[in-house]
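Chemist: Sequence:
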Amino acid sequence: MRKIVLAAAAGIGLLSMAACSEQTQDSAEVTATSAADDLAGAADEAADTAGDAAAEASDAAGDAAAAAEDAGAEAADAAGDAAAAAESAAAEAEAEMKQ
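Numbering (mature numbering (1 follows the signal peptide of the UniProt record, and there is no 0)), first residue to last: -18 to -1, 1 to 81.
Keep in mind that the hints were calculated from the coordinates and are not lab data. One or more of the hints may lead you astray.
[Unchecked claim] SDA-like mimics (lysine to any residue), calculated; alpha carbons at most 20 Å apart, straight line:
1) Lys80 x Ala68
2) Lys80 x Glu69
3) Lys80 x Ser70
Use the sequences and the hints to build the structure in full.
Modeler: Take a look at the structure:
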């Protein structure tokens, strides 16, 4: 009789552990799903931030290219003006030497 009671108690204990283990698995599954959702959200946010940064960098590069083009045009104009001034000065110097 004693062995039957011990076997029944052991059986009840095993069933209790099995039920507890199932609850633990369910909780672990919910936790893992929640963590995966959080990770996916963070990855989406990081991708959006990287995309915004790339767009801003592209805009900045375009602005820098336009500024360089403007600076080059101004430098060409200044060089043209300097060449014209030098030519004029050379012509004046030649005219004075002929006198």
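Chemist: Work down the list of hints and note, for each, if the structure agrees.
Modeler: Now for the hints, and whether the structure bears them out:
1. Lys80 x Ala68: holds, 18 Å
2. Lys80 x Glu69: Holds. Lys80 to Glu69 sits at ~17 Å (cutoff 20 Å).
3. Lys80 x Ser70: holds, 15 Å
Hint check: no violations occur; every hint is consistent with the structure.
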